[in-house]
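Sequences are here, hints too, so could you generate the full structure?
Residues per chain are reported as follows:
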Amino acid sequence: MRELGMLEYLQRIVRRQFILAFRVPSEFAIPISFFIMVLALFPLGFGPVVKNSGVIWIVALLASLLSSDRIFKQDYDDGTLDQLLMSPQSLFGSSLAYIFVHWSQTGLPLALISPLVAIMFDLPGSAILPLVVSLLIGTVVLSLIGAIGAALTVGLRKGGALVSLIILPLYVPVLIFGKASVEAAIQGSFFSPPLALLTALACGAVAFAPFAIGAGLRISMEI
Amino acid sequence: MGANGCGKTTLMRILAGLIRYGFQGRVNRNSPMFFMGHQLALKGHLTVLENLKLDISGWSAASDELILEVLTQLNLECFLHSFVNTLSIGQQRKVSLARIFLTDHLVWLLDEPFTSLDKSSISKVEVCITNHLLRGGALVITSHQDINLPNVDLKVVELGGRE
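Here the protein sequences come in this chain order: A and B. Numbering follows our numbering, in which position 184 of the first sequence is assigned residue number 224; successive positions increment by one, without gaps. Numbering follows our numbering, in which position 88 of the second sequence is assigned residue number 89; successive positions increment by one, without gaps.
Source of the hints: derived by calculation from the structure; they are not laboratory data. Beta carbons: idealized from backbone N, C-alpha and C, even for Gly. Hints are supplied without guarantee of correctness; some may be wrong.
To be verified - Which chain B residues face chain A? A few, computed with CB under 7 angstroms, are given here:
1. GLY3
2. ALA17
3. LEU19
4. GLY38
5. GLN40
6. ALA42
7. HIS46
8. LEU50
9. SER61
10. PHE115
11. SER117
Said to hold, decoys possible - Now the in silico label distances, taken between C-beta atoms and shown as ranges:
12. PHE86(A) <-> GLY23(B): 20 to 30 angstroms
13. PHE86(A) <-> ASN5(B): 55 to 65 angstroms
14. ARG63(A) <-> ARG27(B): 40 to 50 angstroms
15. SER144(B) <-> LEU152(A): 31 to 41 angstroms
16. ARG197(A) <-> ASN76(B): 29 to 39 angstroms
17. GLY228(A) <-> PHE84(B): 47 to 57 angstroms
18. LYS156(B) <-> ARG63(A): 37 to 47 angstroms
19. ILE153(A) <-> GLY26(B): 53 to 63 angstroms
20. MET2(B) <-> ARG197(A): 38 to 48 angstroms
Stated by the list, open to error - Stretches of chain A that chain B covers, calculated by requiring three or more beta carbons in the stretch to come under 8 angstroms of a beta carbon on chain B:
21. 43-50
22. 115-123
23. 219-230
This is how it looks when you write it as structure tokens:
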């Protein structure tokens, strides 16, 4: 029997989580369905032309929030989390692997279907690229922050509402910079400064959030 | 050994390092440990083979041949490609135990591993455990029943629990 390298271990987690996601597609489909259905309600409520990118961002944020409390829940319930915490491999890397899979199932599809939503909201063509890019980067931060809340509340029976209360305030900077980049493009000015700040937020979150996630999981397992 | 609620599982989780606070004393872990608790750490939507190949305890990578060998020892070879949620609880427990038998860990922490197993399965598991101990491994096991491990020096500790 040979020893398992870190890279192989991360591939193993990613592969396992993807297989599970495709075998239980409801987990994967709910955030996307929520995103499309809620956005479809706005033209019905506010008239045919809403023309507000902030609405798209808020719904993307809520769609990400909807699934974030489940990142570690199933693993906690079936005891897999015990194995993860006892593993000799770095918890930093394992957390990033979990977040990558979560982002691939929520943030990535939302960003990919956002051009269609932009057309539905009558946004100008120049706003589509910043919308897609800002959602691609911003949802990484949303997944990372969501995972911190999920890790802290994984041991609680009804942690979903608590996750929302913990992490919604932390979502605010992402919303501000994400919306600002799209609005800048709509007004014909440079959209790169808010996008650069959003990227800085994402880099900071990738660097620090896995530590918080690891600590949160260890605290939760003590309960 | 000990009555329900006397703290067997808590003790195992402390030894495994899953509980770090709220107890007196210190646990020094110099050897790799593998813990199997009441929850089996299996995914119902993965097959037996996938569960064993994609196990995230992260110590070693077992070949398909070795997996088949261990499953054959436990009479599970015909369930290699079955989804775990189609197996009985006893069979699921044996799959979870197979995960441990596939590792080179020196110390196994098994929390009531014989629960839901039939007599024949218990003796097969006992053989695997004995082989591990004869290879120089160590074992901490909690159980409500007598354990039959021939040629092995087993120290039995009865936990008192809360009055």
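Results of checking the hints against the structure:
1. Look at GLY3(B): its Cβ only gets to about 21 angstroms from chain A, farther than 7 angstroms, so that hint breaks.
2. Given hint, ALA17(B) at the interface with chain A, holds; its Cβ is 6 angstroms from that chain's nearest Cβ, closer than 7 angstroms.
3. Hint status for LEU19(B) relative to chain A: holds, with the closest Cβ pair at about 5 angstroms, below 7 angstroms.
4. Look at GLY38(B): its Cβ gets to within about 6 angstroms of chain A, closer than 7 angstroms, so that hint holds up.
5. Nearest Cβ of chain A to the Cβ of GLN40(B): about 3 angstroms, under the 7 angstroms cut. The hint holds.
6. With 7 angstroms as the threshold, the beta carbon of ALA42(B) comes within range of chain A, its nearest partner Cβ sitting at about 4 angstroms, so the hint holds.
7. Using the Cβ-Cβ criterion of 7 angstroms, the hint placing HIS46(B) at the interface with chain A is satisfied: the shortest such distance is roughly 4 angstroms.
8. Interface hint at LEU50(B): violated, since its Cβ lies 12 angstroms from the closest Cβ of chain A, which is beyond the 7 angstroms cut-off.
9. Taken as an interface hint, SER61(B) checks out: its beta carbon lies about 5 angstroms from the nearest beta carbon of chain A, inside 7 angstroms.
10. Among the interface hints, the one on PHE115(B) is violated; its C-beta lies about 17 angstroms from the nearest C-beta in chain A, farther than the 7 angstroms criterion.
11. A least Cβ separation of about 15 angstroms between SER117(B) and chain A goes past the 7 angstroms threshold, and the interface hint is therefore violated.
12. Look at PHE86(A) against GLY23(B): about 54 angstroms separates their beta carbons, and that is not inside 20 to 30 angstroms.
13. At about 60 angstroms, the CB distance of PHE86(A) to ASN5(B) agrees with the hint of 55 to 65 angstroms.
14. The hint said 40 to 50 angstroms for the Cβ distance between ARG63(A) and ARG27(B), and at roughly 43 angstroms that hint holds.
15. Evaluation of the 31 to 41 angstroms hint for SER144(B) and LEU152(A) yields a failure: the beta carbon distance comes to about 53 angstroms.
16. Separation of ARG197(A) from ASN76(B) is about 37 angstroms and conforms to the stated range, judged on CB atoms against 29 to 39 angstroms.
17. At about 55 angstroms, the beta-carbon gap between GLY228(A) and PHE84(B) stays in the expected band of 47 to 57 angstroms.
18. Roughly 44 angstroms separates the CB atoms of LYS156(B) and ARG63(A), a value that falls within the hinted 37 to 47 angstroms.
19. For the hinted restraint 53 to 63 angstroms between ILE153(A) and GLY26(B), the CB-CB distance of approximately 55 angstroms keeps it satisfied.
20. For MET2(B) paired with ARG197(A), a C-beta distance near 31 angstroms fails the hint of 38 to 48 angstroms.
21. Given a C-beta distance limit of less than 8 angstroms, the hint that chain B covers the stretch 43-50 of chain A holds, as 4 residues qualify and 3 suffice.
22. Figure legend: the stretch 115-123 of chain A, annotated as covered by chain B; annotation consistent (6 residues with Cβ-Cβ distances under 8 angstroms, at least 3 required).
23. With a cut-off of 8 angstroms between beta carbons, the stretch 219-230 of chain A has 0 residues touching chain B; three or more are needed, and the interface restraint is violated.
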